[in-house]
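**Student:** When you get a sec, could you build the whole thing from the sequences and use the hints?
Chains as they are written, first to last, in the working numbering: chain Z, 1 to 179; chain V, 1001 to 1581.
No wet-lab data here; the hints were simulated from the structure.
Being a predicted model, the structure only gives us computed values, none of them experimental.
Ideal placement from N, C-alpha and C gives every residue a C-beta, glycine not left out.
Some clues are possibly wrong.
As the list claims (entries may be wrong) - One side only, chain V facing chain Z, incomplete, derived with CB under 10 Å:
id	residue
1	F1130
2	H1137
3	M1177
4	T1183
5	L1300
6	L1337
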Amino acid sequence: MAIKHNNGIILTTVEEVLSWGRRNSLWPASVGLACCAIEMMHTAASRFDTDRLGIIFRGSPRQSDVLIVAGTVVNKVAPMLKLIYDQMPDPKWVISMGGCSSAGGPFPTYATLQGVDRIIPVDVYVPGCPPTPQALLWGILKLQKKIKAKKEGKVWEEIPMEKVPTASQPIKEKSPFGF
Amino acid sequence: MHLWIDGQDLDQIKKSFDSVEISRSENFVSVQINKEKLLELLSFLKDKLGYKMFIDFFCMDFPVQSPRFQGVYLLFNPEKMRRVAVKCWAEGDSLPSATKLWKGIKWAEREAWDMFGVRFEGHENLVRMFMWETYQHHPLRKDFPLRGHGEVYLPPLSGEESPAHNYSPYHTALPTMEDLEITQKKRLPEKKAQIVLNWGPLHPGTHGTIWFLFDMEGEEVKECDIILGQLHRGVEKIAENITYTQFIPYTDRMDYISALCSQVAYVNAVEKHLGVEPTEKAKYIRTMMCELQRINSHLLWLGTYALDLGALTIFLYTFREREKIMDIIEGIAGIRLNSTYIRIGGVAKDLPEGALDVIEHFLNDFPQRLKEYETILTKNRVWLRRNVDVGVITREDVYSYGLTGAVARASGVPYDVRMFQPTDAYGDVDFDVPLGKVGDSYDRYLVRVEEMRQSVRIIKQCVKVLRQMEGESYINTEHPFVLPTLDQVFNSIEAMVKDFNLRIYGEKLPEGEIYLSGENPRGELGFYINSKGEGRPYRLRVRSGAFYNLQVFTELIKGRTVADAVVLLGSLDPVVGETDR
Ligand code: SF4
Chain Z
1 MAIKHNNGII LTTVEEVLSW GRRNSLWPAS VGLACCAIEM MHTAASRFDT DRLGIIFRGS
61 PRQSDVLIVA GTVVNKVAPM LKLIYDQMPD PKWVISMGGC SSAGGPFPTY ATLQGVDRII
121 PVDVYVPGCP PTPQALLWGI LKLQKKIKAK KEGKVWEEIP MEKVPTASQP IKEKSPFGF
Chain V
1001 MHLWIDGQDL DQIKKSFDSV EISRSENFVS VQINKEKLLE LLSFLKDKLG YKMFIDFFCM
1061 DFPVQSPRFQ GVYLLFNPEK MRRVAVKCWA EGDSLPSATK LWKGIKWAER EAWDMFGVRF
1121 EGHENLVRMF MWETYQHHPL RKDFPLRGHG EVYLPPLSGE ESPAHNYSPY HTALPTMEDL
1181 EITQKKRLPE KKAQIVLNWG PLHPGTHGTI WFLFDMEGEE VKECDIILGQ LHRGVEKIAE
1241 NITYTQFIPY TDRMDYISAL CSQVAYVNAV EKHLGVEPTE KAKYIRTMMC ELQRINSHLL
1301 WLGTYALDLG ALTIFLYTFR EREKIMDIIE GIAGIRLNST YIRIGGVAKD LPEGALDVIE
1361 HFLNDFPQRL KEYETILTKN RVWLRRNVDV GVITREDVYS YGLTGAVARA SGVPYDVRMF
1421 QPTDAYGDVD FDVPLGKVGD SYDRYLVRVE EMRQSVRIIK QCVKVLRQME GESYINTEHP
1481 FVLPTLDQVF NSIEAMVKDF NLRIYGEKLP EGEIYLSGEN PRGELGFYIN SKGEGRPYRL
1541 RVRSGAFYNL QVFTELIKGR TVADAVVLLG SLDPVVGETD R
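**Tutor:** So, in structure tokens, the structure goes:
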């Protein structure tokens, strides 16, 4: 962690600065594949305005460090998408946006890739069909947290499914009164 | 309103061709002819009887019959406003190519070859439309399974225990880079000019995943072809495997920018065949939502079009307006983009309280915004230089390529499905159809902007009527094939049984065929349904406006520079979800 001194000096590590820079200037490659791309555009445009989070969409994969797979990845496009991923410089991250790119979505057919994680590693899955811009922002914030956790040497752990609270099984916490 | 060929023309056909079989029903009239006489009949229809506009061509598969495949040609007579279908069995799995008669049929024949394996004699370059060249199957054949065959070993990278689903590690065939190269080489078999330039498929300017090939001499494009299929998801195949109501969400995901219009077009076709009459209120809600969606769609077009030409401001402005419409749609339908809101027999939910006020507020504000955009663009010198006289489409091209929607109207062809085949409340509202004079990109821009104004006019009328309809029913649940509302399902046992039956067995459409279309923001979106009396369609064909509109691009770009490609593509306004299906 950075240490602040009163006379305007900040002591920190190179690691910290790099991670801070990386997570606050995520530049996604603008790869729009299907319906989800429209919501991705909405996230970038006037109302949700990802620029304020340092997220600027780039036309070239060589300038970007995060790939938002927005839309249905069909078999034919899979090798091209892999190529784009390979062209991105390290370090790089992948957000899989929507049901289609996460698991094939509503298209369990001969033509559709059943989950983009069969060809490229995915860091954050955003559910939805399409996910709202808020959901995509959630995904991006999650990714930032993930990058931060990695810097601190922590292992980013998924929440195991049984620990996610559901409506039928409320998590019983001990009350402060002990009953 | 009868939209099919009249008896007079049929008599003429019978007189000239003795081997025709004519089948007439209310929703579909077809003329069947043998393969030898096919081209003769088609040119007779085109030249003598005035059915000069090409609408669609597709195939059907009847595996137990011989010959197995049947081709269907849909033609339109712009003077009489009549349609006709010509059917022909593909003996020896091949048909004569009709590319000499209509240029627009070139891609449709490629698609039929790709999907069914029907060959076309005399086609200039019969390659696969959607799949890659080395793909082994013809997926729309009845003996090909929906999920394909597991051909490659492709386990998930996230390890064995994948959290979301337990799928098989064997996946359907994927192309390699070499396969794609072969596909690309086959498109332009003999390179004529200096260099072949690839544009796309994952380029921000291609509006999705279209893959262009330009054969160029210096800056000038000599030859062009387009590779589609980068978003081919097999929608028509899915349709054969699910019930009619289940297919409604897929219509959204085809043309995702104008989801509501696609739903209405599809549901109208099903309703007409079933004989369901939606309630009066539902009709007005549908028309209102359709027009909202049209504004929404045209705004996206305007924003991205201007963005491609370098005007970033417009993009941010139109998206501000789009957010407002999205909020309205979300408030009414519950979902922002792919709002599966239309149901057979009506709509899914009633209008919530205050919805009409919000819409009215938007309508009061919107015309000023539109004026703002026009102030920035319409007389802008750069805008004029890039648009005027670029990509002129003649009337002949419109008929021969089967162009519809704003592209056809900008060329002065008054082809508007809302006008000559009014569904829902379109018959009761007033609106004008703007027409262009020259048919260049600038005209297409003007036509679309004016269309937004007309949409505002239509919505205003709908809001006025809907204000008086408060409390009326929004779905005609009396009909045996209309799903009951949630309220009814929870409160009465009959409704529950009906709901169960319809969801499991589907709506039993009577045996027969229907073709009905709707005016999408991108052109005529038609649905051909062939029912065998079961709960699922035997064949469902989507006639996509964007597919045929995009085809004219290859013609327009010839002799122009690459810089114009962006303008042309933007002004044609294709959506890949619909072109590829
Ligand atoms: S997840 Fe849904 S919205 Fe996104 S691309 Fe797939 S079908 Fe379209």
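**Student:** State for each hint whether it applies.
**Tutor:** Okay, the hints, checked on the actual structure:
Residue-level restraint check for F1130 of chain V holds (minimum Cβ-Cβ distance to chain Z is 8 Å; threshold 10 Å). This hint holds: H1137 of chain V has a C-beta 8 Å from the nearest C-beta of chain Z, less than the 10 Å allowed. With its C-beta approaching chain Z no nearer than about 6 Å, M1177 of chain V sits inside the 10 Å limit, and its interface hint holds. The restraint placing T1183 of chain V at the interface with chain Z holds, with a minimum CB-CB distance near 9 Å, inside the 10 Å limit.
For the restraint placing L1300 of chain V at the interface with chain Z, the shortest Cβ-Cβ distance is roughly 7 Å, inside the 10 Å limit, so the hint holds. Because the smallest distance between the Cβ of L1337 of chain V and any Cβ of chain Z comes to about 5 Å, under 10 Å, the interface hint for this residue holds.
Hint compliance for this structure: no hint is broken.
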